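2 protein chains.
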Amino acid sequence: MNTYEHRKGKAVLKLVRPDGTPVSMKEVVIRQTRHKFLFGCAEFAVVPLANDKLQGEQKERISWAFEKFLDLFNFATLPFYWGRFEPVKGQPQTDSLKKAAQWLKDRGCVLKGHPLCWHTLTAPWLLEMTNAEILDAQLARIRREVSDFAGLIDMWDVINEVVIMPVFDKYDNGITRICKEMGRIPLVREVFKAAREANPRAILLINDFNISEAYAILIEGLLEAGVTIDAIGIQSHMHQGYWGVEKTLEVLERFSRFNLPIHFTETTLVSGHLMPPHIEDLNDYKVEEWPSTPEGEERQAQEAVLHYKTLFAWPNVEAITWWNFLDGGWLNAPAGFITKDGRVKPIYHELYKLIKGEWWTGEQRLVTDDDGLVTVEGYLGDYEISCMGQTVPFTLHKDGSIEIRLA
Amino acid sequence: MNTYEHRKGKAVLKLVRPDGTPVSMKEVVIRQTRHKFLFGCAEFAVVPLANDKLQGEQKERISWAFEKFLDLFNFATLPFYWGRFEPVKGQPQTDSLKKAAQWLKDRGCVLKGHPLCWHTLTAPWLLEMTNAEILDAQLARIRREVSDFAGLIDMWDVINEVVIMPVFDKYDNGITRICKEMGRIPLVREVFKAAREANPRAILLINDFNISEAYAILIEGLLEAGVTIDAIGIQSHMHQGYWGVEKTLEVLERFSRFNLPIHFTETTLVSGHLMPPHIEDLNDYKVEEWPSTPEGEERQAQEAVLHYKTLFAWPNVEAITWWNFLDGGWLNAPAGFITKDGRVKPIYHELYKLIKGEWWTGEQRLVTDDDGLVTVEGYLGDYEISCMGQTVPFTLHKDGSIEIRLA
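Chains as they are written, first to last, in this note's numbering: chain P, 1 to 407; chain F, 1 to 407.
Chain P on its own, in the form it takes in the complex (with noise of 0.2 angstroms):
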């Protein structure tokens, strides 16, 4: 096991009395309840979900099938495509995506909103506007989401696919338009600025599908050029054929030398046929079925462990998000951990294996010595502690000790 030794910890925690007096000899069980790693997933059903928009049998489906994704996952992202929620100038979706981050919020999810800045799923009305307009309309709306969402979501991906947006060429778009006109840097410089200045608490991300040195050679341009990227996300939807772990390790290797975390940021292997090689752009397969498949099921399900080790054997590595929970999302694709008629995959129960199962920390039943101590190891992430009746929640970090308070 030492290939996950970068994600355990190890404490020694006292426990004390009211008084300060240790609580020597007593017996303590302790549990893990979260990973601090991010095991995510987009399965933007949450929103109607949780805006009580369903009805009958879809809504005990989804309802059942999110009790599923929360048993598994501790993060999750939402969508800010801007064309849909504002679709109409003025009038953002505020509301209902508020509802939607408190629902996954109360049941212990980290949150990330899914992009700020993007050439595709952008607001049609930009095109009427001058490019400085645009620019100023996507500022404020950077501005607008992450001042409301504060607190409820402080992560974002800020801006998407830089590397296509100035020479994206399938669709005017008013994104494209600025960004051509600006240059990268300068744009994802304005972009980061108006974020950070929304929320200086927030983790903001660039992320993009394309992967060859393009991609490491614009971060160490906006790295020299002083904008602050907390976390690389790197897309890997992987309907063509699974990446197989040496092209996982090149891609890690490449972009680790920026000594910042990394991000799988929509992660994406589907359990029927694959698209064929020849598509470049994966939106341009358009299938009326794409079922799953009993082969397609055990080959996801294989490919996702290989690819879950690999991404968490590796340390700076420190999210993984899988694009959707549900199939039938994006594509029509059968991706997701759940078919079309409700039966659960078995990607879920062997990724189960893994987060909750080889890769959480069993409950410990432990006795503390003499001077109330007693030495916590395991895999970092927030735990509890049970003691003469009382659980006191605490955090697992790298090493350190804890006081735990007994009331």
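Simulated from the structure, these hints should not be mistaken for lab results. Heads up, some of the hints might be wrong.
The list treats identical chains as one, so a pair stands whether inside a single copy or across any two.
Said to hold, decoys possible - Okay, derived cross-link-like pairs now, DSS-like style, lysine-lysine, Cα gap no bigger than 30 angstroms in a straight line:
#1 LYS26 <-> LYS59
#2 LYS353 <-> LYS309
#3 LYS98 <-> LYS340
#4 LYS247 <-> LYS170
#5 LYS398 <-> LYS98
Only a predicted model underlies this, so the values are computations on that prediction, with no experimental measurement involved.
Using the hints provided, position chain F relative to the given structure of chain P.
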């Protein structure tokens, strides 16, 4: 001919006698003597030729070839590959390169040194040094060459192929080591700084074969980081086939957004069979014989004409360098203007028709007016005007007025 209007200038010359009175109503003859545009070529046989290292038939052949060279070109690239220039540490080939540079300069050529920093053909003895020592040696080498040749060579490919430099994995070398450790931008910043300090008047280029957005993003990062690049070098080794006008225009447009001069630094079209498309690194293609064929020579000539017309029509292109003049140079390719058996290929004649024909201002006979004025129009560059038995040189800029004082 509107396509080339940006290449032309118009000036009012005022001819005056030594006492300042106008030379009225006299016939003048105006001849272009040199293009402002840099039509260049890399042909390293100039080094032994200028150093009197050739004998007999070979000397005759190379001397004859350079007569053709100098009739067509006004610009030459000289080799400064570190491993060849200084095979033994501390023993640079400065003298022989100086002789070659002086020889070409005396014959009217502008010169460029290529390259000062590159992972390929670099000094093998760098491998015995620490990274700090390699960087010191690299910067000292740049200061030495740029100082030693100032006045002779005032243009340098400062750094070559930075996009691949830190991830180049074909063999270990000192430059990849330092680029990987420092990052691309800090290395480029340092080598440009060293060159700039050694010769503030020099024109400093970055150069790459990678013409993807990775290179554009790198340039943007460098400019944002405050590195002053005087011209963007773009290689176009087309051993696997002509790019075509459309791709050439796409590249020109993409790299023009920086508002910097563009040099096509290494241009190749072969007059034999094309290199197979599956070859990724051109250096991997090794052949005993690569014959020049009649069809190949026709194709080479036609495509070269199209390529030169496309580039000459694009305003911020300021130089085109062919690679090389004689067949059998790099890769043993029939990429030259002269076959191995000393025959001048059609490409020479066709480009001659452009460079010294269509794009060359023909001799003009004009008469000054009462005030001694005469208006000259033509392609930008150096000219001479003859009047009353005297010949005076002048330079035709975009527009303006020039006083010509007769002795």
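The hints, checked one at a time:
1. LYS26 <-> LYS59: neither (47 angstroms within a copy, 98 angstroms between copies)
2. LYS353 <-> LYS309: Within one copy, since 12 angstroms is at most 30 angstroms while 65 angstroms is not.
3. LYS98 <-> LYS340: Answer is within; shortest intra-copy Cα gap is 27 angstroms, inter-copy 76 angstroms.
4. LYS247 <-> LYS170: both (29 angstroms within a copy, 18 angstroms between copies)
5. LYS398 <-> LYS98: Cα proximity of LYS398 and LYS98: none, with 33 angstroms in one copy and 62 angstroms across.
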